[in-house]
Each structure stands twice: as structure tokens, then as C-alpha cells.
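As given, the protein sequences belong to chains A and B, one line each in that order. First residue of the first sequence? That's 4 in our numbering, and the numbers climb one at a time after it. First residue of the second sequence? That's 4 in our numbering, and the numbers climb one at a time after it.
Keep in mind the hints are simulated off the structure, nothing from the lab. Each statement offered as a hint is correct.
Simulated DEER-style distance windows between Cβ atoms:
1) B:50 / A:195: 53 to 63 angstroms
2) A:9 / B:10: 33 to 43 angstroms
3) A:246 / B:111: 17 to 27 angstroms
4) A:111 / B:408: 13 to 23 angstroms
5) B:14 / A:62: 42 to 52 angstroms
6) B:66 / A:335: 50 to 60 angstroms
7) A:384 / B:8: 39 to 49 angstroms
Just so it is clear, CB atoms sit at the ideal spot from N, CA and C, and this is done for glycine as well.
Number of protein chains: 2
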Amino acid sequence: MVSDLPTLIESLAQRARQASLAMNSASSEEKNDALEAIACGLESNRKILLEENQKDLNAAEENGLSNSMVDRLRLTHERIDGMAQGLRQLIDLPDPVGAVIEKKNRPNGLEILKVRVPIGVIGIIYESRPNVTIDCAGLCLKSGNASILRGGKEALHSNQALATIISEALTASALPEDAVQLIPTVEREALNHLLTLDEYIHCIIPRGGEGLIRLVAENSRIPVIKHYKGVCNLFVDASADLKKAQKITVSSKCGRPGVCNAIENLIVEQSVAEQFLPSCAKDLTEKGCTLLGDERTRSILQDFEVSPAGDDDFHEEFLDLRLSIAVVNSIEQAIEFVNRFGSGHSESILTAERARAEQFLNQVDASSVYWNASTRFTDGFEFGLGAEIGISTDRLHARGPMGLEELCTYKYQIIGTGQWK
Amino acid sequence: MVSDLPTLIESLAQRARQASLAMNSASSEEKNDALEAIACGLESNRKILLEENQKDLNAAEENGLSNSMVDRLRLTHERIDGMAQGLRQLIDLPDPVGAVIEKKNRPNGLEILKVRVPIGVIGIIYESRPNVTIDCAGLCLKSGNASILRGGKEALHSNQALATIISEALTASALPEDAVQLIPTVEREALNHLLTLDEYIHCIIPRGGEGLIRLVAENSRIPVIKHYKGVCNLFVDASADLKKAQKITVSSKCGRPGVCNAIENLIVEQSVAEQFLPSCAKDLTEKGCTLLGDERTRSILQDFEVSPAGDDDFHEEFLDLRLSIAVVNSIEQAIEFVNRFGSGHSESILTAERARAEQFLNQVDASSVYWNASTRFTDGFEFGLGAEIGISTDRLHARGPMGLEELCTYKYQIIGTGQWK
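Next up, chain A with everything else stripped away, as it sits in the complex:
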């Protein structure tokens, strides 16, 4: 590297800002052509991609990374196809930019349009999965944003190979070459400096574990949209259809326990607890799920192995086949429980009574609140967004699944006939 690190990062950010100004005028066709060019680049550079990925895999093995880490790192023909396919799905989605969100005519004759526009420059900080590079570059391009990508050190060779493919595709396209840039180093100093450059970068999205997100949020002077953990709760009310409730409980815990929209806590209204819990616990334990419970749960489930659950357990995102269970006296207590222990991600009530459902939907403070459905549906595709950069647990700008529209902001265009005041 010829220049020092802060200078390098600053120049990269400046170029991203310039690219983002040019991206404001990019047509849908130009953006789609660039996406297709990247997809073709992936397909025609499989050999290099796999070779570079092998370097990362070798290093991972030397460094004793866990099997699941190595698996996340690995590129295969199938995964390369998957990345290309993801880009082509983006091509088919409507362009979010330029839509008139609102239109007003004011008494003084001014016409005010609220128009959707790209945010500008978005920094994505992520961990070891190399497909995030393509995923995020594609989402940012389609939404008219310039992006700065900073992947994990384990995937550096793979990411650099992917960045070269993107860069070649952009150079041959009508879009600015600097519309996607990968930070060519994983030094912490580079990241720290990046997070101070609020003059050029408008938004930071960290994608990864809680540690990474906290690190970024605490050090960033640039607004961060956080995608924190999902401590999701399912409440089985007295009037719930208990057969459906069992199906939903088991599937939303055991279907895919490692995802953020899986439930971590089951809450049962006391009057149905004795009827519901034993049968449900049997089903759960047969699927290999470990149970934790409060006192009442443990006394009902005496025939099962249920460890005591404390506040820390109810607060925890297990990401595993573990479930904490609490018995409550009333819906009010359930709502209090959810607002206390939930992480504001996805919460569900199962009940036959509309009034209770409405109480839960209104009083529970979370991005996605369900009545008679599994929390597992919190997902950009399930919500019909077509794509997703993540699920925001923040309240400002975007809450819940973030798609292309959520990667945009708006501007007012005001058309007059010489008005002054």
C-alpha cells in the first residue's frame, strides 16, 4: 500500500460519494445491465473464485475455525449459481427510485412532490460469508446507492476475487466504477477511520453477530441501522386453538433454530397450561429441544427434564434447540413479559378472541406482531419485498425487514411560478 491507511480510506469514501452523485441519474436499464454483467462475471470466473476461496479455506483450517464457520466461508458451484440467481432476481424487481410518494398542491400555487431517491453512500460491515459481498453490492446498486463493503478477515481472498468481478463489470457498464468498493484491508484501524467519515458516508449497516453490531454502533459517527438479535416470544392465550398452537410452537422453535425469527420464549396462559404444556413438551423434546421453565412450568412438566429459567435465560437468543417457558396469569402479564424480555423483533399471540389479539397487537412494542401465525414469517421475501438486506431492530428509518425501498430516502421537489415570501 503506497499511502497511509486513513488517507486510503478517506479517498475511497470520497470516490464513493462522487459515484453516488452520478448514481442519482442512473436509469433502471443501466442498473439492471450492470447487475447482469456481474452475474455473468460470476459464472465465467468460477475457477478463480474457487481457487481464491480455497486459500481462505486453507487458512481457516490452519487457524482451527469451527466446522460451521468453514461451511459459511465455502464457495461451491451451487453457491456461485445462487449468487448469480440472486442478482437476476433483483433485475426483475421494480426500481424503487423516482417513485412519487406524495403530491400536494399548496394554496400559494406551489406543487410539492415527495420523491423516493437513493440514500447515497452505504457502508456494509459483515463477517465471514462471501456471498454477502454480492448480495449487498446488488441491493445497493439496484437502489441507486454507492456501497463500501468491509468483509471479515477470514474471507479476504474470496471477497477480493468477487470485488474484482464486480469492478470489471462496472467498468464495462454505464455506472460509475466506484459504485461498489471493497476495503482492501481488514485492519481494525481502517474500519475505525471509516466510521468517522460522516461527510461522505450516509449510513452504516452491520451484518453479523451482536458483538460486531455493538462495536460498529458504539464507534460510528455515521447513522447505523442495527439488525440485532431476535428474542421472539409466542403467547398461547386461554382461547387459543391448542392443536394449532402446538404445531406453531414446535415449528417456530425447531424448524430452523439458528435464525433470528425463531422463538426463544413460549408464554402460556395459566388456565390452559396444564392441558397444553405436557403434549407440547413431548413433541419438542422428541425433536431434540432442551426445555427451561419458570416454577409453574416446571411443576406442570414434572415428567420432563426442565431446568429453571431465570431472567437471563428469557433475555437470551439461544439460536439453538433450547426453549424457555413461562406461565402467566393474564394477557396483561404476557404483554409485560414480551415488552420486558423481547428484543423488539417478532412476537405472536395465539387466540380466538379479537379483542385480546388487538390488545396484543397494539401494546406489544416490536417491529412485527402476529396474531395466529408463527414469528418465522418475518422476512423480506415473506413480506413481499422481493429481497432483503436484513431485519432492522431499530425504530428510525426502517423497522423490520428492509428491502429496496428501505435502502432509499426521499427528497422534496417543489415546482413554482416565481413564488417568494
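Please build the complex by placing chain B on the supplied structure of chain A, with the hints as guidance.
Same frame as chain A, now just chain B:
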């Protein structure tokens, strides 16, 4: 104070969070009743308000505050009426909470509603004007948010008197008493601690000068919506109606030079500069405006006193009767100038040609971009929002004038019939 400062601030923030959960279910009527009670409280406590305000005014004089600072601090019968009137205007505005922003039916039978809800707990950090206390408390109440107010030290007695009136009104109302809380100290330590409490506080809005905003933005772990300076530009294109252009130039600089939507830079296309500038400069100087200019401007305006304008001048928000002028070769140069020197607040092009107007409207990166109108219209009331907490120069969440809807976020309510996956 019985407890130490961090404990005091933390307990205040916790109570705000509890209040905000209760505010989620507050009806429009309950909120409006509380606003009316505060308005009545202001009117029936004039004597105490003026007495407490006099203490602040005396201290201000002792401390040698400038006349304009003292004026901002002063409460009068008229200003008390103004505050009460502001609250009653809020009562008349529609409740932003509960509106269904979007509704979707998914192929699996799920019904997904995107519903507008309060953000939660909002911290407002401001300077010396005591009316901001009432203004912000009212806006936050109407939008269903709990607020934590931290005013300037110069206005502490006035603010405490106002907070007492609010608190008495809330106690007698159906809303939680802690829905509005004033931090009872202006110690910096209290503010610094407040800005770390992202567990309880969801958004910080600093209202004041650039120094205050930077201080808050750099120290806050909570998302901040910034209302930075307005370096607004007016571009007179070759095809502009020069008579109207002169009227708009003079009014948008001299009408009220101390506000953020007044212009700081005038940009003139070279082919009309010789015709336009002398007449416009005459008008401006007659109104007491000091002129600065680039080389071409100064050579055209040889008969006027025009100091040389450098990059620093074009970057500066004068908030005063001073105007920097630049002559450019083309609309492209004008757009580049605006994107370089403007602060992303409000920018205007005066032109008769639609194609150029569209180029400017699309390529200029600012919250509000005008065609043939003064930048002075960037304002919540002029935009029909009915009220305004400020003008955001940020891109995330809210951009431009922020009214009641922008003090809200959304949540998804998903209604199923037992769906699981």
C-alpha cells in the same frame, strides 16, 4: 439531589420508557385533553412564569449575555399566549398514530398491515428559548411519544416553571405523568450519561447551533436526527425571468436573513450575469446586504463594494445580511457547485426550461429542491405538515421539515389463521 447524577438520569429514562409503553394506547381524545390542560395551565400561571423567567433574565444580565440572547430568553404575555395557541393548533391536527400506511394480502393467507406508531422515547436537547419546552412537549405528546427535555442553563428557572405546569396537567390527565420530563440539572455529566441510554431512549433531536448538534452527534449512542445549518443556493439560469429572479434573490436573502432557509450563495449563468448582477446588486446593497463574489462577479460588479469570496465563504451559513455570488459557465457547473458547497437543505433553480429544471431537481442532492421559487418555503407549515419540530438535514428516517408523522415509526401487524412454516 439525593441520588447521584447517573442514577437520577437512568431512573428518569426508565420512567420515560414505561410512560411510552402506556402512551401506545392513548386515544386522540386523551392526548388532546392533556394538550388543552397544559394550555390552560400556561394561561393561569402567567404570574409565576414571568417571575421565574425574570430570575433567568437577571442572571443573563449579570452574565453579560448579548441582547439577542436575552430577547430569546424573555417570556411576555404575548409569548405565553403564543405557546398556548401553538398547543391548541396541535389539538386541531389529525392524530398521526394508528394510520394504516400499507396493507397486503400474501398468497399464504397472511394479512400484513404496516401501521404508524410512536417512536417511543425522544430526547430533545436545546438551547435558551423556553418556548421550545412547550413546543416539543406538545409535538411529542400529540405523536404519542414520551419526551425527555434538556434545555439550556440560561433558561433553567423558566423551564422548570413550564415543566411544573406540564407535570400538573399530565397528573390530572389520563396520560402517564412521566410522558414529559425535564432534566432538572444542566450539568454536562447528566447530558453525557443521557446520551448512552439507548436501552430506554430511541431518538435524540438536538435543536440549536452547529456546536450543540456536533457535541450531541459525536457523543450519542442513541440515533440522532440532526438539524444542521442551511447553506442554501439560488441558481439563476440563462433562461430565467430576470425580474422575478431579482425579486426572489432579494427576498430570499433579505426577507429574514437569520433563518436556515435563507440563501447564502447566488449562482448566475455567465450569459446573463452582466445583465442581471448590477441591478440585483443595487437592490441588495440598498437593503443593507454585504456582497462577496468570485473573480467574474467582482469584475462585473466593479461599481460595487464586493469582497473576494473563497471556498470558506461559499461553505458558510452567514445568518446575516451577507451574500456570496459566483458566476458559472453551465448548469452542470452550477449543480457541481451546489453539491459541493450546499448543506443539503434547500436549493433552487430559476429557469424557463423544463429540461434544465429536471436536471437540477434530479441531480442536486438536498432535502428540498425548488424550480422557480424561493428556498424560504422549506418549512413544516408551508409544506402543509401543520407543525414542525425542525428541518432535518439527515437522510435517514426524516429529511427536510419534520412534522408529527416524522415523529412516528411503524410496526407490522400480521394476521393469520394458524400459519406456520
